[in-house]
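There are 2 protein chains.
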Amino acid sequence: MSEQMQRLDEETLDDLLEKKNYAEIKLRLSSMNEVDVAELLNPLDTTHTLLIFRMLPKDLAADTFAHINKDRQLGIINAITDTEVEEIVQELYFDDMIDLLEEMPANVVKRVIKNTPIQERKLINQFLCYPEDSAGSIMTIEMVHLKKEDTVGQAIKHIRETGLTKETIYTCYVTDAQRHLEGIVSLRKLITSDEDVKVKDLMETDIIYTNTFADQEDVAALFKRYGFIAIPVVDNEHRLIGIITVDDIMDIMEQEATEDFQLMAAMSPTEEEYLDTSVVTLAKNRLPWLLLLMLSATFTGRIMMHFESLLSQVAVLAAFIPMLMDTGGNSGSQSSTLMIRGLATGEITSKDWLRVFWKETRISLLVGTILASVNFLRLLVLERIPMPIAVTVCATLILTVVASKLVGGLLPLLAHKLKMDPAIMAGPLITTIVDALALVVYFGIAQAILGI
Amino acid sequence: MSEQMQRLDEETLDDLLEKKNYAEIKLRLSSMNEVDVAELLNPLDTTHTLLIFRMLPKDLAADTFAHINKDRQLGIINAITDTEVEEIVQELYFDDMIDLLEEMPANVVKRVIKNTPIQERKLINQFLCYPEDSAGSIMTIEMVHLKKEDTVGQAIKHIRETGLTKETIYTCYVTDAQRHLEGIVSLRKLITSDEDVKVKDLMETDIIYTNTFADQEDVAALFKRYGFIAIPVVDNEHRLIGIITVDDIMDIMEQEATEDFQLMAAMSPTEEEYLDTSVVTLAKNRLPWLLLLMLSATFTGRIMMHFESLLSQVAVLAAFIPMLMDTGGNSGSQSSTLMIRGLATGEITSKDWLRVFWKETRISLLVGTILASVNFLRLLVLERIPMPIAVTVCATLILTVVASKLVGGLLPLLAHKLKMDPAIMAGPLITTIVDALALVVYFGIAQAILGI
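So the protein sequences, as listed, match chains A and B. Numbering-wise, our numbering puts 855 at position 199 of the first sequence, and it's gapless, one number per residue. Numbering-wise, our numbering puts 673 at position 17 of the second sequence, and it's gapless, one number per residue.
Derived by calculation from the structure, the hints in this document are not laboratory data. Any given hint could turn out to be false.
Given that identical chains are not distinguished, each listed pair holds provided it fits within a single copy or across any two copies.
As the list claims (entries may be wrong) - With a Cα cut of at most 25 Å, we get these calculated PhoX-like pairs of lysine-lysine:
id : residue 1 : residue 2
1  : Lys-682   : Lys-856
2  : Lys-726   : Lys-880
3  : Lys-675   : Lys-813
4  : Lys-880   : Lys-1073
5  : Lys-856   : Lys-813
6  : Lys-682   : Lys-854
7  : Lys-854   : Lys-714
Using the sequences plus the hints, can you model the full thing?
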């Protein structure tokens, strides 16, 4: 879908490298997007990476550097001269530099900081101290500052002169002498206004902003709500410290969804890519929950042992346990998934618990009755199971579906209320709880109906 | 986090409405973001909505209209005059108008189209025909067209004059007389360049674009990959038809993740919000999969009936079935979730199946052995279970974890290869498959070890 005649692919690059046709490589790479260039460099060895890296125009080189993977970045930093390090560092946006420093070993960090202007070093240290996943840790500092007494003409002249080094020039920030945020104005508004108009008469003062210590998930929610391309970040004194742009937020949205998927499948969430993660780490992420859930499942074992005599008298009862447990688990997962997702997108809050309770009660009665009816017919006609056992199984089915949908619907809301991550109240945990419920109900009904 | 002194909240609005202090309402609303205004209007009755709607500045009114919910939109359209409808329609961006028309009943669509300039009607009909979830169905037509022979000065003058009516002016599109897309140039590049430079010397010709019939999920992937704020949409003749902006893509990213969550929890995916959906619809979304999985679970029932005599001789064996099935199901869900998510974010492809196979084999042996060891000690020391049964349970546990992780890891890749949605190969289906495997292994080992 995004193919163009001149774009270089991996095969052609290998071919040109073999022929040592560097002029052609340089020409064709220089018009390409940095993301595509980075992808071409990732599989190459360090020598070739460096060779190509050095033939890129300076700004494309820095942009590409920000997009290649960690190992390649490390390889390049270790192989180039201090002057080259300095050049890259100067071209990198501040947030990309912070990302780089956070991932690199101490000696590389030291080398990069050594090549940074002294006035920036303090700022780097400050940024490295923002908590992980906070707005401060993802913001950048390259934004356009305007003064409210400026005219549009002056403002545009200022943007013209400084715009190339800014992360975005499309939203400009009006600050006072102490850098307090007073307003924002879009370049669109500036460019479509008269040159003599004052910035203060154009700027919006009802500013949507965030705080350096805000959670990145909340920042992403602001972007989704308002559709902005950038949001200002202020400190507790309402001074403008940085901005967050929408391209970084897209990564965070994806990362937050991935974390929820992992939590919901009973794993410790990780940002590492699967194929790059070691077996031991992957096992470590999976083991604690499996262990916990396995030990909880022994509780259901206890229940079964308690009814051992019933089971040995009517062994056929055991045959329906997997079906009852699975259906209960699936019903509960459906409800809990809808709640967890609704809480994540802000569509549902824990205040809605009564509406959820009422809705899930009706849904589960409807769904449970239909499932039980189908099953009842199947048991009597196809399996030729005695009537009392068929009744026991189907009554349990209805009750299990109702119980599991209520547990699945309400536990995530409770978790949210208790400031826990609702995503842990997902399928695996719900299934374990529902299993025990289903068994107690099943054996209880069986004893009553079969009179054992 | 985004609170300002002057922003109006629901309570204050009710208060001001009661005091009929309309001047204050108007003043305070007029500086607010359209999303916040829309949220204030949603809970009001039609009379008050209309009252407030009519006091908003014309452009804020149209922007607000695009953000209020469907019922409110319908209420407003039905209550206002044709002239007012025309005003709103003219102010709305084309994509918002198409969204409106797609959701409204036929008589409203007719009324809106009647109030549209004749030249636009054909375009509306064309846009309404793009398949749901295609790039065509989410694009808009308000973009800046430039000519490659223009100078920067001319280009900026053109943007200055037409910019207010465009969805974005920050990326401009260079087209020839037949509207073929020749290049793109950012406003940043224009504004930081000399006035006499020609657009053709600034424009990028390695354009990342999409096609009107591309899937919106693929479009979202382009945005994530490149971090763009807009992407051009061309037809099969490479003519520029529209653009898609990042704010609309954020909604789509969220929607696609929600769909995966729903599919993975064995539900038919829906875009409707939970609290607004009827009980019958919600039940319909959940029933088919529950029914299918319930009937598949009878397969495990058959296996158990087959081993009925074994079970009645050693009834304690039944007590470990829930634990084995749950642990198997959870292990499989972990692997399948990582694969489904990796396929969705593009990190894993079906070509990686051998690496996944090898990785999951090692992880599952490690995890399975640890789980089995813990369980073995528990069974012997705490539960005082006879050694042969403890060995049976723990051997089954290891084999089940290995089998379920391989099934969970590979089935999503297979689905992807077969062009099916990998998300259906999630927990519920994996659990059903793994249940049957676990039982066969369990009884097989039991017969061998116990010699029955």
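These are the hints, each one checked on the structure:
| no. | hint | result |
| --- | --- | --- |
| 1 | Lys-682 to Lys-856 | between (47 Å within a copy, 21 Å between copies) |
| 2 | Lys-726 to Lys-880 | between (29 Å within a copy, 19 Å between copies) |
| 3 | Lys-675 to Lys-813 | neither (48 Å within a copy, 47 Å between copies) |
| 4 | Lys-880 to Lys-1073 | within (23 Å within a copy, 33 Å between copies) |
| 5 | Lys-856 to Lys-813 | both (17 Å within a copy, 23 Å between copies) |
| 6 | Lys-682 to Lys-854 | between (46 Å within a copy, 24 Å between copies) |
| 7 | Lys-854 to Lys-714 | between (37 Å within a copy, 23 Å between copies) |
Hint compliance for this structure: hint 3 alone is broken.
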